[in-house]
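If you read the sequences in order, they're chains A and B.
The numbering used here runs 4 ahead of the 1-based position in the first sequence.
The numbering used here runs 4 ahead of the 1-based position in the second sequence.
Quick caveat, the hints were computed from the structure, so don't treat them as lab data.
There could be a bad hint or two in this list.
What the hints assert, rightly or not - With a straight-line Cα cutoff of 25 Å, these simulated PhoX-like cross-link-like pairs (lysine-lysine) come out:
hint, chain 1, residue 1, chain 2, residue 2
1, A, Lys454, A, Lys399
2, A, Lys76, A, Lys173
3, A, Lys236, B, Lys496
4, B, Lys145, A, Lys292
5, B, Lys74, A, Lys157
6, B, Lys76, A, Lys281
7, B, Lys148, A, Lys74
8, A, Lys173, B, Lys82
9, B, Lys145, A, Lys7
10, B, Lys74, A, Lys303
11, B, Lys76, B, Lys164
12, A, Lys7, B, Lys148
13, B, Lys272, B, Lys306
14, B, Lys281, A, Lys76
15, A, Lys82, B, Lys74
Protein chains: 2
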Amino acid sequence: MQKTAEQMAREHREISISQFFEKNRHLLGYDNKIKALLTIVREAVDNALDATEEARILPDIYVKIEELEKEKYKIVVKDNGPGITVKQIPNIFGKLLYGSKFHRLKQSRGQQGIGISGCVLYCQITTGEPTKIITSTGKGKTHKVLLSIDVKKNEPKILKDEVIEDAEKWHGVQITFVAEGIYREHKQSVLEYLKQVAISNPYANIVFDSPNGRIEFARGVEELPKEPKEIKPHLYGVEVGIMTRMLEETKARSLAGFLTSEFSRVGKQSAEEICRKAGVDPQIMPRKLEHQDVVNIVKAIKEVKLTRPPTDCLSPLGSGFIESGLRKELNPEFVAVVSRSPEVYRGWPFQVEVGIAYGGSITEPAVMRFANRVPLLYQAGDCAITKAVTEIEWKRYGVAGSKLPEDPVVIFVHLASVWVPFNSEAKESIANYPIIIKEIKLALQECARKLASYLSGVRRAAAIKEKKSIFERYAEETATAIAELTGEDKEKIRNKIIEIVNERWSEVTDEANGEEAPLAETPTEEMNGNGGEENGRENE
Amino acid sequence: MQKTAEQMAREHREISISQFFEKNRHLLGYDNKIKALLTIVREAVDNALDATEEARILPDIYVKIEELEKEKYKIVVKDNGPGITVKQIPNIFGKLLYGSKFHRLKQSRGQQGIGISGCVLYCQITTGEPTKIITSTGKGKTHKVLLSIDVKKNEPKILKDEVIEDAEKWHGVQITFVAEGIYREHKQSVLEYLKQVAISNPYANIVFDSPNGRIEFARGVEELPKEPKEIKPHLYGVEVGIMTRMLEETKARSLAGFLTSEFSRVGKQSAEEICRKAGVDPQIMPRKLEHQDVVNIVKAIKEVKLTRPPTDCLSPLGSGFIESGLRKELNPEFVAVVSRSPEVYRGWPFQVEVGIAYGGSITEPAVMRFANRVPLLYQAGDCAITKAVTEIEWKRYGVAGSKLPEDPVVIFVHLASVWVPFNSEAKESIANYPIIIKEIKLALQECARKLASYLSGVRRAAAIKEKKSIFERYAEETATAIAELTGEDKEKIRNKIIEIVNERWSEVTDEANGEEAPLAETPTEEMNGNGGEENGRENE
């Protein structure tokens, strides 16, 4: 049937974001029943950790997964955080794209305002069951809310809402989901996720009642990490469109005032330099700027040297912490850790930390990926971390393997950022921004050099020991032969030979241990304000 | 600073879908400047092909990319389609999540209602420039609209709107974008995309004015493919939540009526069987059903044998077409093509077509991926097609390579579906649904067997030829030696030897050509209504 423009026009309709993810739920991490349980637990635990940390409370997290019937589970996640005010409950849980973390620049696990309402949506699609939220802010009133999502409107549908007096004044959030799923304990499971969470968040106490029994991850540190601070955007990351919008919305009364008050690290002098280079009056009202002015301002920014954004918005794990974590969990014979200085992509600060553990109890190679302390268990194939690891020539560092190591090496990579660029809403892998890949590679290379130096010492020493033992074994026979030929005392000759061998090989052993490590592949670091972002992500 | 629940509550805000993609534009395919130009061209050309096909017009597509200044380009895409009614222009181009293809079940290139407005958003972010749309439905009036997007509201902002009388009554759409970008002609470029579009859409005529000159892809076929038909959803893909919503919205007055009218392939008998198994009265008003009834109905559906969904909603390329495309473009020495029968995932029909081309002018291995006739150039790492290809033991089929072939083999895979599950909104790779991977693997194995049979014949023949030539070379000398020993005539002996060699080896050659092909890895096909979807996607 041939269609006209008018007929086609009648078919056009708005699509709500809930409808979109109802159909595309694999984008949120619900592409199979095993992963679905992990996604629900991850979203709820990430939120619990964010909330407790923000309220400066040492997190006590309780997770329970209970089989109701075949492939149908009840999932409970409870925290001791500050709780949620009753007015916010419906939107936080019943509306996709609603949250507190999207609009600010500060490191946190959540950032999109999709995760937890996505869980509610998945439960309702697969089992038709609403989600139960119990919360209190510690003032003696506990709210119990039962809700689902009106998919066509992307609005919460409250089914029950009651208040209970609570003499103990508990505070926190407890969520109960009923979802289709399959519980497994393999490499990409809830259990593995919680294990890795315990590694990267040692100040959290986690109790997990799994279908197979209770597992406890006790608190290892009694102190919360330093609190990351919220920052303003940095001019190096601002493009014409965003600048135009910010100029329309600002309360500043002059362009110079706008630049110094709405961005980080812009002083009066820098602001004036930008205006001069752009040929615009610093005292002009922001709303009076023409399109070409804005284009000129954005161009001028690139020519002005600005201080990098402050990095107290980041909360890295720290080298000591990564090393002790790897030693405790993996019991390796060798560990190297490298923390890079913070860098910037699209105006957003980030920092890379890498650890390499080798040998000991490690039996097979592995790559552990983390973003803002959250373990990433899926979509390794397209992750910037995987890309960086496979671009290292491991053989150069004495490690077998063409792309990924084949020797017993565990690689730990953490990216901390105010805005992690994920490859999908499921937040399972990091987009391939070149500056991020470069930073990870530099850290990996530095770690790998330390490993190579260690391995080369170990291997040389082993080779020398082998040779020495051969000499010693033949010392007896050689001594007998020489004694017969020369008539000298056999015992004396034998001792002399052993003495020479020991002397000779101890020199060589010292040499081996002092040997220089192999050269880095790219030891130079190019640093510039735009963070090398000009060419964007690399091609695959 | 310690935060209370009340302080946190104040930070919560709604996030518009435009804001979301403004910050996450890499999800739409704008993660680098080279790719940005490809994404814009792809979205516009995909829409042009969808519109012309739906109006049953042989597509004439014009694409122009012009450098305005360093890293700033003008992109023009024009088609001869039915045009867009003036009322729809603002929403189609100025609102994310608006479209005609999301709500229907029918194979098309677009499906999300995000693509083309995403282009407008990207242009406005990077250059601040609005997008110009010129369109006419062929009635003598041409509309020129200049618009951008109000990001906070996700609403169109019309900057100019004029009508021009057009005596020639042109119909179609012409869009002009101004975007930040970098033009390159490498493997993942606009040029490569248009080349592959020409392969998979030979009925389209494409003219491309690139910054390096004009390239024309002439129409190869004067006929449009069969038009895919819209279908209703299939019961096997419907879950409790969706069923609940459909029951609330239906105009049917009984459950049995609802089942037969709103789904494909449900007759009166099947509907009654479902109701009986669920223990629900077929005559009940849909709105009167309780939650447990719905759960029981969904369970009952799984126990009832239903006919597969109709497959005229699909528009596969066809074996003959793929073979001639591969022969024309690659000039190989051998081609094998396999079209699988349609299958179903989550109730949605899909079909896999595979071609393997070997040798000839092919110098290096490659995998060409297509979804609904659209070439996929990025994110190969996490694509179901790549996964299927790497799971084939190529060595078993006489092809070198451990995961991907290393011999000169080009693998062509097309997935046609009413709903392609993409890994992100950028539509660059297909999600790893096991049933989809399985279908691709089966098709690849069948093709690979044909290739193996060909290669084994070729290689055996080559080996025999080699041996034969050695015998012939030594016939002269052997004849001389025998003649001397026996006194017989040398010439006679030599002829006899050559005769024996020829006879012997011609037998062997016949044998070689008739040799059995190697066995398939998994020649059995399991078919069931749910399409093996129970375990969802596989883990990576």
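Mind checking the alpha carbons of Lys272 of chain B and Lys306 of chain B for me, to see if they're no more than 25 Å apart? holds, 17 Å
Are the Cα positions of Lys148 of chain B and Lys74 of chain A separated by 25 Å at most? Violated, because 59 Å separates the two Cα atoms, which is more than 25 Å.
Just to be careful, I want the Cα atoms of Lys76 of chain B and Lys281 of chain A compared with a cutoff of 25 Å; is the pair within it? holds, 20 Å
Within 25 Å, alpha carbon to alpha carbon, are Lys145 of chain B and Lys7 of chain A? holds, 19 Å
Given pair status - Lys496 of chain B, Lys236 of chain A, alpha carbons within 25 Å: violated, 99 Å
Given the proposed pairing of Lys7 of chain A with Lys148 of chain B, does the C-alpha separation stay at or below 25 Å? Holds: Lys7 of chain A and Lys148 of chain B sit about 23 Å apart, inside 25 Å.
Are the Cα positions of Lys173 of chain A and Lys82 of chain B separated by 25 Å at most? violated, 66 Å
Quick one, are Lys76 of chain A and Lys173 of chain A close enough, alpha carbons at most 25 Å? With a Cα-Cα distance of about 33 Å, the restraint between Lys76 of chain A and Lys173 of chain A is violated, given a limit of 25 Å.
Hinted pair, alpha-carbon criterion (25 Å max): Lys145 of chain B, Lys292 of chain A. Please report holds or violated. Not OK: Lys145 of chain B and Lys292 of chain A at ~36 Å, beyond 25 Å, violated.
Checking one constraint from the list: CA of Lys454 of chain A to CA of Lys399 of chain A, max 25 Å. Satisfied? With a Cα-Cα distance of about 14 Å, the restraint between Lys454 of chain A and Lys399 of chain A holds, given a limit of 25 Å.
Is it true that the CA of Lys74 of chain B sits at most 25 Å from the CA of Lys157 of chain A? Roughly 44 Å separates the two Cα atoms, so the pair is violated.
Next pair to validate is Lys281 of chain B with Lys76 of chain A; report whether the Cα-Cα distance is within 25 Å. Holds - the C-alpha atoms of Lys76 of chain A and Lys281 of chain B are around 20 Å apart, at most 25 Å.
Hint compliance for this structure: hints 2, 3, 4, 5, 7, 8 and 15 are broken, all remaining hints hold.
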